[in-house]
Amino acid sequence: MKSAGTIVAVALLIAAGIAIAPLAATEIPPAERRSGYSFMAPDTKAIQDDDTANPGMLWVLDGEALWNSKAGATGNACADCHNDARASMKGVAARYPAYDKALARPVNLEQRINLCRTRQQQATPFAFESRDLLALTAFVAEQSRGAAIAPEATAELAPFVAKGRDFFMRRQGQLNLGCTNCHDDNWDKHLAGSAVTQALPTGYPIYRLEWQSLGSLQRRLRNCITGMRAQNYDYGAPELVELELYLMTRARGMPIETPAVRP
Amino acid sequence: MLALPCAAGGQELRPYTITGDAIVESLTGAPGDAVRGRALVLERTSTCILCHSGPFPEEKFQGDLAPSLSGSGSRWSKGQLRLRLVSASRLNPATIMPSYYRVDGLDRVAPAWRGKPILSAEQIEDIVAYLATLLE
Chain L
0 MKSAGTIVAV ALLIAAGIAI APLAATEIPP AERRSGYSFM APDTKAIQDD
50 DTANPGMLWV LDGEALWNSK AGATGNACAD CHNDARASMK GVAARYPAYD
100 KALARPVNLE QRINLCRTRQ QQATPFAFES RDLLALTAFV AEQSRGAAIA
150 PEATAELAPF VAKGRDFFMR RQGQLNLGCT NCHDDNWDKH LAGSAVTQAL
200 PTGYPIYRLE WQSLGSLQRR LRNCITGMRA QNYDYGAPEL VELELYLMTR
250 ARGMPIETPA VRP
Chain V
0 MLALPCAAGG QELRPYTITG DAIVESLTGA PGDAVRGRAL VLERTSTCIL
50 CHSGPFPEEK FQGDLAPSLS GSGSRWSKGQ LRLRLVSASR LNPATIMPSY
100 YRVDGLDRVA PAWRGKPILS AEQIEDIVAY LATLLE
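Going line by line, the protein sequences match chains L and V. With numbering that gives the first Met the number 0 applied, the first sequence corresponds to residues 0 to 262, in that order. With numbering that gives the first Met the number 0 applied, the second sequence corresponds to residues 0 to 135, in that order.
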């Protein structure tokens with residue numbers, strides 16, 4: 000009955016000479032990719048551009064202190080193994096989420112930091128979105144500022160990239176929208192006055208003016224999923240990590256901006 | 000002409016009949032209230048002006064993902080407006096416009112919204128009544 004109705008409706012449209020848009024979404028050609036930065040007002044760009052004005056730098060400084068603080072049963076600081084983050088962490092965030100052999104799946108940078116705490120330092124993991132986890136993540140990611148985003152293109156990761164892409168393309172929630180409907184097809188438009196943008200995660204964790212805080216990419220993804228009125232995923236859920244991974248492959252080659260500022 | 004079955008689940012949708020590209024009869028059997036309809040269009044939770052703009056000088060933030068609502072009443076009949084609100088995807092499966100009076104065929108709806116249409120039959124009739132007044 001239902002499909003018959005659709006066929007009738009489509010037939011009517013065809014009869015009326017109305018073109019029907021193809022179902023397949025169009026991915027953004029590499030040359031047309033734009034960081035969220037390029038959509039911002041000059042005042043907001045100025046906040047990101049000036050480290051003394053960028054509130055995200057406060058988390059980076061806290062993260063540096065944590066890097067050098069002893070933690071866990073081993074009494075080791077991050078710096079005791081990794082030495083100077085300026086050298087050892089350079090370019091690392093540009094490759095995350097990355098494959099973890101023991102878990103046989105990708106982990107994001109926050110999860111990697113927590114795995115290091117539990118496995119190496121024998122410390123308790125930080126809670127997702129806690130000040131400490133955001134600070135340490137921001138400090139590590141800031142060492143990659145300017146580095147080209149380069150998630151590993153391995154056979155181990157490929158199925159997880161594919162799952163993330165499937166998530167991005169699939170319609171869900173009461174509003175029946177997929178990420179692609181806005182971020183591939185309508186990135187040059189505005190949702191109630193806000194730029195839609197291309198969903199290229201170049202600067203996480205970001206200082207978001209709407210949050211008045213630093214926040215992770217997963218926090219941002221959960222905001223969008225709530226907006227679609229879809230059932231959300233917990234922080235650290237495999238689905239969110241896979242989506243992060245796919246988004247990083249879309250942003251391949253673009254420079255890391257952490258800590259970015261966004262409206 | 001087709002009569003559509005209604006959704007199982009939390010809330011029973013009222014039955015309606017699609018004729019061509021329109022639902023000719025009011026979902027409630029009564030005409031809507033255009034004044035209430037305008038207020039609903041501007042209400043954030045209705046989601047209309049996230050994507051559409053229109054003759055709303057008091058509203059600073061209006062979307063441009065979809066055509067302006069100005070002139071809707073001269074472009075479409077009330078019946079055509081009603082079907083576009085109830086289920087625009089019946090006319091164009093690729094549309095980004097949500098189906099405002101539908102609870103089936105959706106994936107991973109958040110618990111707070113599950114089994115509920117985005118708008119009630121009364122709200123749809125109010126919005127149809129308002130949009131029909133937008134002649135230019």
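Derived by calculation from the structure, the hints in this document are not laboratory data. Cβ atoms here follow ideal geometry from the backbone N, Cα and C, with glycine treated the same way. Some clues are possibly wrong.
[As the list claims (entries may be wrong)] Stretch by stretch, here's where chain V covers chain L in the computed footprint (C-beta under 8 angstroms, at least three residues):
1) 45-55
2) 161-173
3) 218-229
(request) Mind listing which of the numbered hints don't hold for this structure, in increasing order? (result) Violated: hint 1 alone.
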